[in-house]
Amino acid sequence: MQNNIYLLILLMMLGTYIPRLLPFYMINAEKIPSWIRTYLSFVPYSILGALIFPGILNALPGSPAGSAITGAVCFISAFLFKGTFIPLFTGIGTAFIIRFFNLI
Amino acid sequence: MNKNKQIIQVPGYIVNSANIKEGFKNAIPIMSGYFPIAAAYGLLAASQGISFLETVSMSLIVFAGAAQFIAVQMLSADAAFNSIASTVFLMNLRHFLMSASVKSKMGHVSKFKFPFIAFFVTDETFAVSSSKQTRIESDYMLSLQIPSYLSWVAGSAAGYAAGNFIPEILINCMGIALYAMFIALLIPAVKKSRRNGIIAASAAILNTLLIKTELTGPNTSLIITIISIPLVFTLLSSGAEKNAK
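If you read the protein sequences in the order shown, they are chains A and B. Its first residue numbered 1, the first sequence is counted upward by one per residue in the numbering used here. Its first residue numbered 1, the second sequence is counted upward by one per residue in the numbering used here.
Be careful, since some hints might not be right.
[To be verified] Straight-line alpha carbon distances no greater than 27 Å define the calculated DSSO-like cross-link-like pairs of lysine-lysine that follow:
#1 A:LYS82 to B:LYS132
#2 B:LYS111 to A:LYS82
#3 A:LYS82 to B:LYS242
#4 A:LYS31 to B:LYS21
#5 B:LYS192 to B:LYS21
#6 B:LYS103 to A:LYS31
#7 A:LYS31 to B:LYS192
#8 B:LYS25 to A:LYS31
#9 B:LYS242 to A:LYS31
#10 B:LYS25 to A:LYS82
#11 B:LYS103 to B:LYS25
#12 B:LYS191 to B:LYS111
#13 A:LYS82 to B:LYS113
[Claimed, not checked] Examples of chain A residues lying across from chain B (beta carbon under 10 Å, computed):
#14 TYR6
#15 MET13
#16 LEU22
#17 ASN58
#18 PRO64
#19 ALA65
#20 GLY71
#21 LYS82
#22 THR84
#23 LEU103
#24 ILE104
In short, the hints are calculated from the structure, not lab data. It should be emphasised that the depicted structure is a prediction, and the values quoted were computed from it without experimental measurement. We put the beta carbon where it would ideally sit given N, CA and C, even for glycine.
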């Protein structure tokens with residue numbers, strides 16, 4: 001791994017803290033133009049979409065089919081249950097079953 | 001005017017234990033939600049060869065759920081620090097709007113408290129505090145945020161430590177944890193509005209195309225995708241608004 005991870009942590013801290021802090025010191029923070037609001041509200045979904053695909057197809061290294069099945073289980077359980085907990089554990093559980101029994 | 005406010009604040013301060021109690025009470029569901037996710041983060045970090053101190057420091061210093069998962073994933077893919085940091089920055093830009101909304105619902109707050117309240121702004125503490133009908137007091141906010149923060153940090157440490165006791169075969173399954181988390185964050189938004197799903201799907205398709213056609217490396221493709229897709233949809237939605245008028 002390159003460089004010092006603490007440098008990365010510092011950069012991440014800046015990238016996280018500045019957007020959290022700035023509005024507290026802006027007089028008209030409530031009056032952000034609506035197109036910027038719209039743009040910012042779309043960013044998280046784009047990031048999530050791009051982070052899930054194509055990466056998820058390699059979630060179980062060397063097993064694209066196993067990865068796809070595990071991913072599908074996560075999607076289904078996220079549709080059925082609220083919160084992060086159940087999708088997380090059904091996903092890990094499915095991956096474990098596939099790995100343990102060497103299914104795919 | 002300003003002086004008057006400060007005089008009123010002093011007696012207010014003594015009565016504020018009710019705010020603190022309410023903040024703690026509202027923190028409980030957030031704490032129990034954070035702990036297992038933070039544990040999954042700690043476990044994932046352990047499986048990627050990041051040290052205990054680095055893992056916990058990230059939770060202590062950055063305190064941003066999805067962004068920490070992203071960082072671990074990108075680190076394991078050997079991404080450059082600047083592309084990790086810019087992805088994290090874009091991911092967390094949404095907090096700008098949340099902070100703005102929290103601030104507008106707060107009364108007079110000492111300038112010394114702002115840096116702390118701002119540091120602890122997360123999706124969850126924002127959502128809980130903004131569902132309050134009354135004005136948000138700083139004592140309420142901090143007693144909601146600090147336990148949530150501690151739960152996140154403790155969960156990261158516990159998850160990392162658990163990595164020592166969990167069989168290797170299970171640790172090898174942790175790769176899915178990150179995607180499960182992303183999916184679990186995305187689906188509720190898709191249920192709320194189909195447009196969110198279309199945006200995510202477009203980003204997924206563009207990112208996959210860029211990578212599979214080898215037009216760009218995976219990190220460049222991510223940055224291109226997360227800047228351009230929201231822009232396209234912003235233009236589309238403003239176009240749709242104009243048509244409606």
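Hint numbers not upheld by this structure, sorted from lowest to highest = 2, 3, 4, 5, 8, 12, 13, 18, 19, 23, 24
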